[in-house]
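First to last, the sequence lines map onto chains U and B. Numbered per my numbering, the first sequence spans residues 305 to 411. Numbered per my numbering, the second sequence spans residues 2 to 419.
Please keep in mind that the hints were generated in silico from the structure rather than gathered at the bench. Be aware that a few hints might be false.
What the hints assert, rightly or not - Residues of chain U placed beyond 10 angstroms of chain B at every Cβ, according to the derived structure:
(1) H328
(2) G329
(3) L346
(4) P347
(5) E348
(6) Y352
(7) D372
(8) G383
(9) K384
(10) S394
(11) A400
(12) A404
(13) V406
What the hints assert, rightly or not - Far from chain B, by Cβ distances over 10 angstroms, these chain U residues were calculated:
(14) I333
(15) G349
(16) A390
As the list claims (entries may be wrong) - Quick list of in silico lysine-lysine cross-link-like pairs, DSBU-like style, CA-CA up to 35 angstroms:
(17) U:K384 x U:K397
(18) U:K397 x B:K86
(19) B:K86 x U:K375
(20) B:K66 x U:K384
(21) U:K384 x B:K86
(22) B:K86 x B:K66
Just so it is clear, CB atoms sit at the ideal spot from N, CA and C, and this is done for glycine as well.
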Amino acid sequence: MNRERLKGNLDLLLLSVLSAGPAHGYAVITVLRRRSDGTFDLPEGTVYPALHRLEGAGLLSSSWAEADGRKRRVYALTGKGETVLAEQRSEWKRFAGGIAAVLGWQA
Amino acid sequence: MSGDPIDEYLAALHAGLRTTPARTAEILAEAEDHLRESAAVALRAGHLSEAAAQRAAIEAFGPVKAVTRAHRPTVGAFAATMAMKAWPLLATYVLLTALVAGLQLWADGGRSIVRLTVSWHGRKITEFAPSKVDTGQVAACFGGCVLFGALVLAGFLIIRRHGYLSGLAQVRLPRGLFPLAAAVVLIVFGSFYPTVGQLGWLPNVSGIYEIASGSQEAALLLGVSCVIWLLVGLTSDPAGSAGHRAARRPSASASAAAAGLAACQLLGGYLLVSALVSGILVYVDDIRERSGMGQATAIVCGCAVAGVLLVAGPLLVRRRRRVPVRLPPLLSLLASAIALLSLGVAEYELFVHDIVGGLMATNWPVANVLLGSQLAAAFVGVAWVLRAVVFVAQWAPTSRRSPRRGTPSENADLAPAG
Numbered sequence: 305m306n307r308e309r310l311k312g313n314l315d316l317l318l319l320s321v322l323s324a325g326p327a328h329g330y331a332v333i334t335v336l337r338r339r340s341d342g343t344f345d346l347p348e349g350t351v352y353p354a355l356h357r358l359e360g361a362g363l364l365s366s367s368w369a370e371a372d373g374r375k376r377r378v379y380a381l382t383g384k385g386e387t388v389l390a391e392q393r394s395e396w397k398r399f400a401g402g403i404a405a406v407l408g409w410q411a
Numbered sequence: 002m003s004g005d006p007i008d009e010y011l012a013a014l015h016a017g018l019r020t021t022p023a024r025t026a027e028i029l030a031e032a033e034d035h036l037r038e039s040a041a042v043a044l045r046a047g048h049l050s051e052a053a054a055q056r057a058a059i060e061a062f063g064p065v066k067a068v069t070r071a072h073r074p075t076v077g078a079f080a081a082t083m084a085m086k087a088w089p090l091l092a093t094y095v096l097l098t099a100l101v102a103g104l105q106l107w108a109d110g111g112r113s114i115v116r117l118t119v120s121w122h123g124r125k126i127t128e129f130a131p132s133k134v135d136t137g138q139v140a141a142c143f144g145g146c147v148l149f150g151a152l153v154l155a156g157f158l159i160i161r162r163h164g165y166l167s168g169l170a171q172v173r174l175p176r177g178l179f180p181l182a183a184a185v186v187l188i189v190f191g192s193f194y195p196t197v198g199q200l201g202w203l204p205n206v207s208g209i210y211e212i213a214s215g216s217q218e219a220a221l222l223l224g225v226s227c228v229i230w231l232l233v234g235l236t237s238d239p240a241g242s243a244g245h246r247a248a249r250r251p252s253a254s255a256s257a258a259a260a261g262l263a264a265c266q267l268l269g270g271y272l273l274v275s276a277l278v279s280g281i282l283v284y285v286d287d288i289r290e291r292s293g294m295g296q297a298t299a300i301v302c303g304c305a306v307a308g309v310l311l312v313a314g315p316l317l318v319r320r321r322r323r324v325p326v327r328l329p330p331l332l333s334l335l336a337s338a339i340a341l342l343s344l345g346v347a348e349y350e351l352f353v354h355d356i357v358g359g360l361m362a363t364n365w366p367v368a369n370v371l372l373g374s375q376l377a378a379a380f381v382g383v384a385w386v387l388r389a390v391v392f393v394a395q396w397a398p399t400s401r402r403s404p405r406r407g408t409p410s411e412n413a414d415l416a417p418a419g
């Protein structure tokens, strides 16, 4: 899949993954890849700046924990993040419906 | 090299990141957790050796260049970082303006004190200053200046305390960029005499001329301080130069090379500050004196060129040869003590033999060059003392900055497989 197109929608995907509950970066990326069946396969290291940006925008919060003797950063969706996710989901649904209608994919 | 591919990758990542040390530490900790977790999962899945699992984890994480590019600061972050650095400098500048102007007004223009650095504005002030001093106006002028400086400082402290810009101002600026920019702006403004001497539009208010000329003298003082800040910054360890934990203790020969390079840069810094201060004294204060200007120009230019070479040369050597720059604190203290002692002896010799006094009578410009180099020695000496104090302070046990604590329960569905 076109990486630029994926990057444009990465925020929505990350928020969506984290709507299931708090997780650290590796887990988020693993779930993203698994759910997309390998379609969304960005260099893993480039996902973290997106997580940081979402945290800076107040859509995510993060805290540090210890795991296997290492420091681990765990991200969670904030209330503002939930609101934005709901809005973006709704927008995306309308957009995808429109595209599908034009392409003649409607059931 | 440690032989651990993840450590080597993290060291390369560390070198490529342009974020603040605290931010860099967080990024590296997160990257290390990711890579070790990813390698452990691959190892548990079988088929791969430990080294191969680590390499696979690194490959999936992405090339260093791509990751550092993704972490590259935005223009807004760059501007916020510059603003957070300029803000306290502006407050210092305004308060210093009030101090210098106050000294001028208090002790017959305070010129005997201010003359230690720059003095040419002082004698011009009287040409334009109001003949009758209004104490109330003077108090209002100085009160306003101090109040403005205090407000700027308070604003900075509030912003920093509440972290309003902390999310943005996390850029590691290129070494010396901010002090260089600040020095250029301040020195250009401070040297621009007409802003005070020829401004006919200043209101006829007591104290305003002292504030105006004091602002230029404060700019020059602060400009020279920024040059010293720049030189000290260039000759000291860069932030986090120890690198990631893959970095190793340097050998004795490498330490000796680092000491030699540091000495070169200190000498170069001294020559540059000498050229700067001497240039100010020769070309601004004594422009009326033409004889000997050629000699003075040659000396000032020679100092500047030698200074640039001595500062830039070791920087290039360090970059190409990767010479470690961290000197043991004891060695730094010893070097500072020897340098200060040498400066003291030189100063004593100049004073005892009245070299400056003799030159004043025969060759005024060259005498000013010598005077400038003495002032530069005093500036650099103070900087070295401060540097020694910093080293002593760094010996004290420091608590490693730990990220925020917290153990939220991770969603079991999101736990990595394996």
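Hints versus structure:
{"no.": "1", "hint": "H328", "in the structure": "violated, 7 angstroms"}
{"no.": "2", "hint": "G329", "in the structure": "violated, 6 angstroms"}
{"no.": "3", "hint": "L346", "in the structure": "violated, 8 angstroms"}
{"no.": "4", "hint": "P347", "in the structure": "violated, 3 angstroms"}
{"no.": "5", "hint": "E348", "in the structure": "violated, 5 angstroms"}
{"no.": "6", "hint": "Y352", "in the structure": "violated, 6 angstroms"}
{"no.": "7", "hint": "D372", "in the structure": "violated, 8 angstroms"}
{"no.": "8", "hint": "G383", "in the structure": "holds, 15 angstroms"}
{"no.": "9", "hint": "K384", "in the structure": "holds, 14 angstroms"}
{"no.": "10", "hint": "S394", "in the structure": "holds, 24 angstroms"}
{"no.": "11", "hint": "A400", "in the structure": "holds, 25 angstroms"}
{"no.": "12", "hint": "A404", "in the structure": "holds, 29 angstroms"}
{"no.": "13", "hint": "V406", "in the structure": "holds, 33 angstroms"}
{"no.": "14", "hint": "I333", "in the structure": "violated, 8 angstroms"}
{"no.": "15", "hint": "G349", "in the structure": "violated, 4 angstroms"}
{"no.": "16", "hint": "A390", "in the structure": "holds, 19 angstroms"}
{"no.": "17", "hint": "U:K384 x U:K397", "in the structure": "holds, 20 angstroms"}
{"no.": "18", "hint": "U:K397 x B:K86", "in the structure": "violated, 45 angstroms"}
{"no.": "19", "hint": "B:K86 x U:K375", "in the structure": "holds, 30 angstroms"}
{"no.": "20", "hint": "B:K66 x U:K384", "in the structure": "holds, 33 angstroms"}
{"no.": "21", "hint": "U:K384 x B:K86", "in the structure": "holds, 31 angstroms"}
{"no.": "22", "hint": "B:K86 x B:K66", "in the structure": "holds, 28 angstroms"}
In this structure, the hints that do not hold are numbers 1, 2, 3, 4, 5, 6, 7, 14, 15 and 18, in rising order.
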